[in-house]
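A.B. asks: Plus 19 on top of the position in the sequence shown (first one is 1) and you've got my numbering.
Worth double-checking, as some hints may not be accurate.
[What the hints assert, rightly or not] Listed next, the in silico DSBU-like pairs over lysine-lysine satisfying Cα-Cα at most 35 angstroms (straight line):
(1) K110 / K35
(2) K39 / K66
(3) K35 / K66
(4) K66 / K110
(5) K110 / K153
(6) K39 / K110
(7) K153 / K35
(8) K153 / K39
(9) K153 / K66
Rather than coming from a laboratory, the hints here were simulated on the basis of the structure.
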Amino acid sequence: RQDHLQRVEEVVTFYKARTKIPIWIFGHSMGTSTATNFVNESPQLAKLLSGIIVAGTVRTAELSDDVTLPVMAIHHREDACGGSPISASRKLIEGRREGLVSRIEIIDGGVSEGNICESFAYHGFNQTEPEFIKRAAQFILSH
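Whenever a hint applies, use it, and build me the whole structure from the sequences.
C.D. replies: Structure follows, in structure tokens:
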């Protein structure tokens with residue numbers, strides 16, 4: 020919804036003005052829809068960003084051909100959540116134009132407990148957080 024994207028805009032503009040450092044947008048699971056919709060629907064505001072990282076991508080997340088920011092998708096190989104299959108992350112990255120900075124990272128390991136779509140499952144990258152952060156940080160620092 021537009022009011023949700025407006026709140027994202029407020030956060031991005033606040034931190035961009037306040038910190039003067041590169042701002043990356045990150046979305047996990049349903050947040051991947053927010054991150055992709057923000058850059059798709061706000062091309063002028065997307066210029067405030069340095070890149071996008073999505074994790075556990077939902078089926079509905081898409082990127083417009085106009086989005087030229089670096090994009091990384093991170094997915095757990097064993098994520099069994101029906102709304103966020105690994106194919107959604109692959110589709111998001113493989114669907115980008117040639118020449119754009121795009122990468123998919125597949126995480127292995129960790130522990131899955133409880134509901135397969137919640138944080139203590141593979142969907143939440145349970146007990147793989149150091150590897151997850153390392154890969155995201157390397158991508159950010161290299162772009």
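A.B. asks: Give a verdict on every hint.
C.D. replies: Against the structure, the hints:
Note on K110 and K35: the hinted pairing holds, with a Cα-Cα distance of about 30 angstroms set against a maximum of 35 angstroms. Proposed proximity of K39 and K66 is supported: the alpha carbons are some 14 angstroms apart, at most 35 angstroms. For the proposed pair K35 and K66, the alpha carbon gap of about 11 angstroms is at most 35 angstroms, so the pair holds. The suggested pairing of K66 with K110 holds, with an alpha-carbon distance near 24 angstroms, which does not exceed 35 angstroms.
Between K110 and K153 the alpha-carbon distance is near 23 angstroms, which keeps this suggested pair within the 35 angstroms criterion. About 33 angstroms separates the Cα atoms of K39 and K110, which keeps this hinted pair within 35 angstroms; it holds. Between the alpha carbons of K153 and K35 the distance comes to roughly 23 angstroms, so the proposed pair stays at or under 35 angstroms and holds. This hinted pair checks out: K153 and K39 have alpha carbons roughly 23 angstroms apart, not beyond 35 angstroms.
As the CA atoms of K153 and K66 are separated by approximately 25 angstroms, the hinted pair is consistent with the 35 angstroms bound.
Violated hints for the displayed structure: none, as all numbered hints are satisfied.
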